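S.K.: Construct all of the structure, not just a fragment, from the sequences and the given hints.
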Amino acid sequence: MKGKPESKGEQETGVMSVLDRLLSDYYGKGFTDLMDHYYSSPVSFDHLWKKKTKAVGTCMPNQKELHQNNVVQNKIKKNEVVYIRRTHLLCLKWKDTCDVLMFSTFHTAT
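First residue of the sequence shown? That's 47 in the working numbering, and the numbers climb one at a time after it.
These aren't lab readings, by the way, just hints derived from the structure by calculation.
Every value quoted in this text rests on a predicted model; they were computed, and no experiment measured them.
All residues carry an ideal CB built from backbone N, CA and C; glycine is no exception.
Heads up, some of the hints might be wrong.
The calculated DSSO-like cross-link candidates involving lysine-lysine, where the alpha carbons are at most 27 angstroms apart (straight line), are [said to hold, decoys possible]: (1) LYS110 x LYS75; (2) LYS100 x LYS110; (3) LYS98 x LYS123; (4) LYS141 x LYS110; (5) LYS121 x LYS141; (6) LYS141 x LYS124; (7) LYS110 x LYS96; (8) LYS110 x LYS123; (9) LYS97 x LYS110; (10) LYS110 x LYS98; (11) LYS75 x LYS96; (12) LYS121 x LYS110; (13) LYS75 x LYS97; (14) LYS75 x LYS100; (15) LYS141 x LYS123; (16) LYS121 x LYS98.
Computed Cβ-Cβ distance ranges for the label pairs, DEER-style [unchecked claim]: (17) TRP140 x SER70: 24 to 34 angstroms; (18) LEU68 x LYS123: 36 to 46 angstroms; (19) LYS75 x ILE122: 14 to 24 angstroms; (20) LYS121 x SER70: 36 to 46 angstroms; (21) GLY76 x ASN125: 25 to 35 angstroms; (22) LYS123 x THR59: 38 to 48 angstroms; (23) HIS83 x ARG131: 19 to 29 angstroms; (24) HIS83 x ASN120: 17 to 27 angstroms; (25) ALA155 x GLU111: 12 to 22 angstroms; (26) THR59 x LEU135: 18 to 28 angstroms; (27) ASP66 x THR143: 28 to 38 angstroms.
M.R.: Below, the structure written as structure tokens:
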């Protein structure tokens, strides 16, 4: 609605419809989707996983799904890596000049 901010659920539904519109021809064919932080969330990666499509993308540390995640809260030194895995989804943080967070259903942590 005009003038009313979208709820998180409405935003996620909008992202899913964009992903479906853009990627439906590629679902289940062995492709991997690369995303920026706007589209990356555990929900969108789960959605793509159900469609038999892998994904990799950076993410923002202030996402609601990451607030209780020790990976985000850990202070690490340059070139260190910390990660957590939930079945198919890897959440990884490494430090170069700044902290970088990413999700992946393509990579392993090793």
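S.K.: Next, verify each hint and record whether it holds.
M.R.: Comparing the hints with the structure gives:
Distance hint between LYS110 and LYS75 is unfulfilled; the C-alpha atoms sit about 31 angstroms from each other, more than 27 angstroms. With a CA separation close to 22 angstroms, the supplied pair LYS100 and LYS110 stays within the 27 angstroms bound. As the CA atoms of LYS98 and LYS123 are separated by approximately 36 angstroms, the hinted pair breaks the 27 angstroms bound. Distance hint between LYS141 and LYS110 is fulfilled; the C-alpha atoms sit about 22 angstroms from each other, no more than 27 angstroms.
Proposed proximity of LYS121 and LYS141 is supported: the alpha carbons are some 9 angstroms apart, at most 27 angstroms. Simply put, LYS141 and LYS124 have alpha-carbon atoms about 5 angstroms apart, close enough for the 27 angstroms limit, and the pair holds. About 22 angstroms separates the Cα atoms of LYS110 and LYS96, which keeps this hinted pair within 27 angstroms; it holds. Taking the CA atoms of LYS110 and LYS123, the gap is about 25 angstroms. The hint holds against a cut of 27 angstroms.
Straight-line distance between C-alpha atoms of LYS97 and LYS110 comes to about 24 angstroms, which keeps the hinted pair within the 27 angstroms bound. For the proposed pair LYS110 and LYS98, the alpha carbon gap of about 25 angstroms is at most 27 angstroms, so the pair holds. With a C-alpha separation of about 13 angstroms, the suggested pairing of LYS75 with LYS96 holds against the 27 angstroms cut-off. Taking the CA atoms of LYS121 and LYS110, the gap is near 19 angstroms; set against the 27 angstroms cutoff, the hint holds.
For the hint linking LYS75 to LYS97, the alpha-carbon distance of about 10 angstroms falls within 27 angstroms, and the restraint holds. Among the hinted pairs, LYS75 with LYS100 is consistent with the structure: their alpha-carbon atoms are about 10 angstroms apart, no more than 27 angstroms. Proximity of LYS141 to LYS123 is assessed by CA-CA distance (about 6 angstroms); at most 27 angstroms being required, the pair is judged to hold. Pair hint LYS121 plus LYS98 does not hold up; C-alpha atoms about 34 angstroms apart against a cutoff of 27 angstroms.
A C-beta distance of roughly 33 angstroms is found between TRP140 and SER70, which places it inside the suggested range of 24 to 34 angstroms. Checking the proposed 36 to 46 angstroms range against LEU68 and LYS123 shows it holds: the Cβ atoms sit about 38 angstroms from each other. Taking 14 to 24 angstroms as the suggested C-beta distance range, the pair LYS75 and ILE122 does not conform, at roughly 37 angstroms. At roughly 41 angstroms, the beta-carbon separation of LYS121 and SER70 lies within the given 36 to 46 angstroms, and the hint holds.
A hinted range of 25 to 35 angstroms holds for the C-beta pair GLY76 and ASN125, which are about 32 angstroms apart. Checked against the hint of 38 to 48 angstroms, the pair LYS123 and THR59 passes, with Cβ atoms roughly 39 angstroms apart. Separation of HIS83 from ARG131 is about 20 angstroms and conforms to the stated range, judged on CB atoms against 19 to 29 angstroms. Separated by about 19 angstroms at the C-beta atoms, HIS83 and ASN120 satisfy the suggested range of 17 to 27 angstroms.
ALA155 and GLU111 have their C-beta atoms about 19 angstroms apart, which keeps the hinted 12 to 22 angstroms range intact. Between THR59 and LEU135 the CB atoms are about 20 angstroms apart, so this pair conforms to the stated range of 18 to 28 angstroms. The hint said 28 to 38 angstroms for the Cβ distance between ASP66 and THR143, and at roughly 36 angstroms that hint holds.
Figure legend: structure checked against the earlier numbered hints; hints not met, in rising order: 1, 3, 16, 19.
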